[in-house]
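K.L.:
If you want the building blocks of each chain, they are given just below.
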Amino acid sequence: AQTVTQSQPEMSVQEAETVTLSCTYDTSENNYYLFWYKQPPSRQMILVIRQEAYKQQNATENRFSVNFQKAAKSFSLKISDSQLGDTAMYFCAFRIQGAQKLVFGQGTRLTINP
Amino acid sequence: DAGVIQSPRHEVTEMGQEVTLRCKPISGHNSLFWYRQTMMRGLELLIYFNNNVPIDDSGMPEDRFSAKMPNASFSTLKIQPSEPRDSAVYFCASSLARTIYEQYFGPGTRLTVT
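Same order as they appear, the protein sequences are chains H and S. Per my numbering, the first sequence starts with residue 97, numbered consecutively. Per my numbering, the second sequence starts with residue 485, numbered consecutively.
Keep in mind the hints are simulated off the structure, nothing from the lab. Keep in mind that a hint or two might mislead.
Once the Cα atoms are required to be at most 25 Å apart in a straight line, the calculated DMTMM-like pairs of lysine to aspartate or glutamate come out as [said to hold, decoys possible]:
id	chain 1	residue 1	chain 2	residue 2
1	H	Lys197	S	Glu546
2	H	Lys169	S	Glu502
3	H	Lys197	S	Glu586
4	H	Lys151	S	Glu586
5	H	Lys197	H	Asp122
6	H	Lys166	S	Asp547
7	S	Lys508	S	Asp541
8	H	Lys174	S	Glu495
9	H	Lys169	S	Glu586
10	H	Lys197	S	Asp547
11	H	Lys197	S	Glu498
12	S	Lys562	S	Glu495
13	S	Lys552	S	Asp540
14	S	Lys552	S	Glu528
15	H	Lys166	S	Glu586
16	H	Lys151	H	Asp122
17	S	Lys552	S	Glu586
18	H	Lys174	S	Asp540
19	S	Lys508	S	Glu546
20	S	Lys552	S	Glu502
Could you put together the complete structure from these sequences and hints?
P.N.:
Structure (structure tokens):
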């Protein structure tokens with residue numbers, strides 16, 4: 097069975113700082129997809145970034161980037177120049193290619209302080 | 485596009501009552517997912533449909549829960565009879581099946597059973 101682990105229940109940084117959220121996963125599959133979702137206080141789940149396992153290049157979306165280490169089964173999210181609006185729960189998620197079931201981690205509560 | 489639409493946004497009911505949650509997926513999406521989010525268990529997949537057909541309902545907690553998708557633009561999740569432990573946020577999500585496309589989430593329904 098696939099599992100996703102987020103080892104940091106909570107994190108807090110100052111505005112404009114860079115923060116990295118960690119995520120590890122366990123699978124015997126070779127082809128899969130990884131996602132980071134953001135859940136602000138409004139509770140809406142918003143996709144932040146995605147990574148295909150067959151791509152070696154790390155995905156980037158504006159201030160958000162990932163460090164994908166396939167051999168280590170690690171998928172961390174880096175937020176640069178953090179903003180107050182980045183305050184949210186962040187969930188790492190995993191899906192096997194060809195399957196549709198998303199497996200979520202337990203989440204990291206990120207607070208950006210002014 | 486209006487995104488995934490869920491109703492109601494909030495529901496408060498008494499134990500033993502029937503509860504029906506509704507979802508309208510994004511037009512053109514052919515997969516629909518129902519999730520439950522609680523503090524204790526995080527995000528759990530309850531059931532998902534492909535082309536209106538239930539594919540995996542292994543996450544449905546017990547017979548009190550049922551889900552239907554009578555057409556491509558509407559799905560319901562019913563709890564009968566409801567119990568206090570059913571209190572949670574219920575999310576509906578949709579996607580294009582068998583692609584790398586991510587799941588798009590609705591705003592969720594916060595259910596409180598007293």
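K.L.:
Would you mind marking each hint as holding or not holding in the structure?
P.N.:
Hints and how they fare:
1. Lys197/H x Glu546/S: holds (19 Å)
2. Lys169/H x Glu502/S: violated (43 Å)
3. Lys197/H x Glu586/S: Holds, because 11 Å separates the two Cα atoms, which is no more than 25 Å.
4. Lys151/H x Glu586/S: Answer holds: Lys151/H to Glu586/S is near 16 Å, not above 25 Å.
5. Lys197/H x Asp122/H: Cα-Cα ~15 Å, so holds.
6. Lys166/H x Asp547/S: Violated. Lys166/H to Asp547/S sits at ~40 Å, over the 25 Å cutoff.
7. Lys508/S x Asp541/S: Cα-Cα ~19 Å, so holds.
8. Lys174/H x Glu495/S: violated (37 Å)
9. Lys169/H x Glu586/S: OK: Lys169/H and Glu586/S at ~20 Å, within 25 Å.
10. Lys197/H x Asp547/S: holds (21 Å)
11. Lys197/H x Glu498/S: Distance of about 32 Å is beyond 25 Å: violated.
12. Lys562/S x Glu495/S: Answer holds: Lys562/S to Glu495/S is near 13 Å, not above 25 Å.
13. Lys552/S x Asp540/S: Between Lys552/S and Asp540/S the Cα gap is close to 13 Å, so the pair holds against 25 Å.
14. Lys552/S x Glu528/S: holds (18 Å)
15. Lys166/H x Glu586/S: Cα-Cα ~20 Å, so holds.
16. Lys151/H x Asp122/H: holds (18 Å)
17. Lys552/S x Glu586/S: Within the cut-off at roughly 22 Å; holds.
18. Lys174/H x Asp540/S: violated (34 Å)
19. Lys508/S x Glu546/S: Since the Cα atoms of Lys508/S and Glu546/S sit roughly 24 Å apart, the hinted pair holds (cutoff 25 Å).
20. Lys552/S x Glu502/S: holds (15 Å)
In this structure, the earlier hints numbered 2, 6, 8, 11 and 18 are contradicted, and the remaining ones agree with it.
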